Amino acid sequence: MGSAMSSEQSGKKIFNFMGARIPATALSVILLVVAIAALAVNGLKFGLDFTGGAQVEVRFSEPADIPQIRGILNEEGLVNPVAVLFGSDTEVLIRTQGAMSDGGEQALSRRLAQLYPAAELVSVDHAPRDRGNYSQSLTFSGLSESDVTDELLPGVYFGSHEARSEAAQVVVLTENSLDTAYTSELLDVLEAKTGSQVELRRSEYVGPQIGAELRDEGGLGMLVALAVVMLYVAARFQFKFSVGAVLALAHDVIIVLGFFALFQIDFDLTVLAAVLAVIGYSLNDTIVVFDRIRENFRKMRKGSSADVINASLTQTLERTFITSLTTLLVLVMLFVFGGELISGFALALIVGVVVGTYSSIYVSCNTLMWMHIVKEDLMPPEKEGSEIDEMP
Amino acid sequence: MLNRYPLWKYLLIISVAVLGFIYAAPNLYPPDDAVQISGSSSGMSVDSAVLNKAEKALENAGIEYFDAEQDGSSAQLRFNDGEAQLHGKSVIADALGNDYVVALNQAPTTPDWLVSMGGAPMKLGLDLRGGVHFLLEVDTDSAIEKRQETSADEMKDQLRDARVRYNSVDLEGTTIVAKFRETELRDQAISELRSEFPQMLFNSDVPGDSDELLFHATLSEAAVREIEQYALNQNLTTLRKRVNELGVSEPIVQSQGRNRIIVQLPGVQDTAEAKRVIGKTANLEFRLEAAPDALVAAKEQFDYQGYPAWLERKVILTGDHVANATTTLDPDTNMPQVNITLDSLGGNKMNHATRSNVGRRMAVLFIEYKTRMNTETNAVGEQIEVPEQYTESKVISLATIQSALGVQFRITGLNAPGEASELALMLRSGALAAPMYFVEERTIGPSLGAENIELGVQSVQWGMALVLLFMIVYYRVFGIFANIALAVNVLVLVAVMSILGATLTLPGIAGIVLTVGMAVDANVLIFARIREELKAGASPHTAISAGYDRAFTTILDANITTLIVAVILYAIGSGPVKGFAVTLSIGILTSMFTAIMGTRALVNLVYGRRKNLKKLWI
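The listed protein sequences correspond, in order, to chains A and B. Just so you know, the first sequence maps onto residues 1 to 392 in my numbering. Just so you know, the second sequence maps onto residues 1001 to 1618 in my numbering.
In short, the hints are calculated from the structure, not lab data. Since the structure is predicted, the reported quantities are computational estimates derived from the model, not experimental observations. Hints may contain errors.
[Stated by the list, open to error] Distance condition first, Cα-Cα at most 25 Å in a straight line; then the derived DSS-like pairs of lysine-lysine:
no., chain 1, residue 1, chain 2, residue 2
1, B, K1611, B, K1535
2, B, K1179, B, K1146
3, B, K1535, A, K302
4, B, K1394, B, K1280
5, B, K1370, B, K1314
6, A, K13, B, K1535
7, A, K45, B, K1578
8, B, K1535, A, K299
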């Protein structure tokens, strides 16, 4: 059944994929540069899993309505708030990224904008050591001493305060820290909006879920995985294919990570899993194309390397298209209807699938072209395979 | 040519599908809230007497429970809701006292006939179902005390070496108090020690009683912080290792505040065992037996097999220097022993100490830090639990040093295999820098929120439905085959994950989505090949057979490469990365089976016998 059925005779039009390889190389380079720049400049915006944050334990007098509490926390502008039932249905554990004082700064700025639109909160520092009974020092601009009223810094939250002009600014020392002040303010907000009494049980900083050792192990794991994949592809195909596959893989992962850095989307554990999935997907896509190229190099007697690659890409185009389509169908559904927690995961995979499909054509095959792949590269090692092919 | 499968292949496929259905079935039954009881050391048994005691306590407190059961080593009671469970746990813990570990748990409700076949539900992770939350407090004070104790010993050594005579160097709380006869001696001592102990604040401005001259040495604030930080981090790392060694999948271990650690375990696990091992703070100390003429101040009395044993106060080595520890049976006595490998520094210290003391006896001191909760009445009249810590030390072996010891040696004298393996685990996972005790234990709700999980599950369903629909529209009859195979694939995947006791988390679901994608891909590859062959003019039967054959190498190569990545991620990664890798690996294997063999069986069944097949609906 061998060569009689090769598809070059089926009259199908062969697309000249490799004709666009120079602009495609340029595009990949640009994407990579942007991604690496975004990673270097912005860095990844790690989620709560990686950074840790503040944790507040509260007890409600009525059974707590978790979705409502989550809503309130989001309205308050807390970063990635999590609320979970804790032991009983009246006790709730609230977590947020960063310190509670971040929320406090926001609440203070909101009040400031309302009372004195021209004023600004310039900085937040510890109170000087010699002023033992004060814990926080707030510096405002565009404000006079007499403006610092109970309305701006409510005594119930901040305790006593002392304002003093310094150059064009006002420095206010407060008894309670922004952290403490905001925690009690948040409880009041929860109380007002849920109509239930709220009692503070504990408020503390929590460390990251992922230790540094896990991050290091993860990075090492990636490198080892890449090395073994290179070996396998070199054994099954040829060394040039190894380079192509690994470059495509690195290309996809860097671009997905760069995308998250560029748009400052939270990078949490689920997104990490998605990035791992992108590796699987991208590799799968690349190997399918490589497999056809290997087959065609052995089968097609005529034609340049570019012709063989173009024919292979054309033959696998239907499959590439349909697989990407079905995968994207699931992912788009996840992204649109899956809720905020899955959206990051879905987005990473959507970007990964699109880039992965592109890279299996224009990074992995392009690498073969740059490395001057020729028929002879694939001929000698696979003796048994070709014998079976030739059998009538 | 015809496409036929031998009967055994059909039978294989059908039995895999049936087994898949059976082992996936336990996931349909939600678990009960339960309380688990086990002994505080692994050798202890939990018999019906213990269970009766617990039941009686619950009845007296008027708490409803059901299905009380015990298997000799642990017992379990189920409750109607979380409220009763929480209340029941404290009632049982009060009734049983400190000899037993009482832990919150989630008990599976798998029907007996499924259990008898080894069926168990897949565990849902903390993000999807919640679990048990332990809060531990690290006793950083004792870490500081320990450090000061060592420093005091070192100071004595150094003063002796420098020939500065001192009356005494003692520890009062966390302050080192040194006493001298003359001012010059004291000042000489301070200047001698200051450079060696840069973290110490020396204060000589303290009034001494009678004619003695004193200095106080305390750790600077920064040093205290540093020790606390170190103790917390060291304990975190150790706990992570311990929890992982227990095989608890997808736990969370993180610090809270300056001196607390949160451990969260997903439900349906052996929480009582976890609690016992997590909370166990044990260490080893190697000390020489005190010479008979040693000063009382330099020796300490311990219990050794019921007899008093006098050991030197000075510690040769602690468990921190153990690099590896394993358990075997002592071939001579058939008793369990622990084989210990020290790190190089530890090896040097051990060698140095034993070389000059051949013929003397060395003791292995096993120290366990324990906490009991005492119920006290506070000022407001509420009953509160106050932790009280105490240590239990016992000499587990006292043997004559035959020759200088090196990096490797063994410890015998342990009573039970359970005790030996626990000691080995504890030494292997690293010592705790400071003792810890439980301050709180709660169940915790899912971190993702029911509505988010609902949304997620729904969108996966819709996505899957679209894919199934697309496959039918695009590949018609073959699309139906692929869809049936896909359904079986998910079923078998869930079944295998359940059997392996894997924990499903959101990242795990990511793995499933990817494997579904790859399963679809395998079928797309095959069908695209069949279409190609048909277009090239092959007969339907030839096209089917050629399509499957040729797509097979492609699928194999693609899947093996992905599998390599998954296996490496599993071997090197930990926590969530591992979970993802497990799902992906299993998914690749099941999808190869269903997408290639499964669909082929269906194709053969439908088309295989039709000799004059003219057209394929593909």
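Cross-check of the supplied hints:
1. B:K1611 to B:K1535: 20 Å, holds
2. B:K1179 to B:K1146: Within the cut-off at roughly 21 Å; holds.
3. B:K1535 to A:K302: Holds - the C-alpha atoms of K302 (chain A) and K1535 (chain B) are around 22 Å apart, at most 25 Å.
4. B:K1394 to B:K1280: 15 Å, holds
5. B:K1370 to B:K1314: It holds: about 23 Å lies between the C-alpha atoms, which stays within 25 Å.
6. A:K13 to B:K1535: It holds: about 13 Å lies between the C-alpha atoms, which stays within 25 Å.
7. A:K45 to B:K1578: With a Cα-Cα distance of about 23 Å, the restraint between K45 (chain A) and K1578 (chain B) holds, given a limit of 25 Å.
8. B:K1535 to A:K299: 18 Å, holds
Comparing the model with each earlier hint shows no violations; every hint is respected.
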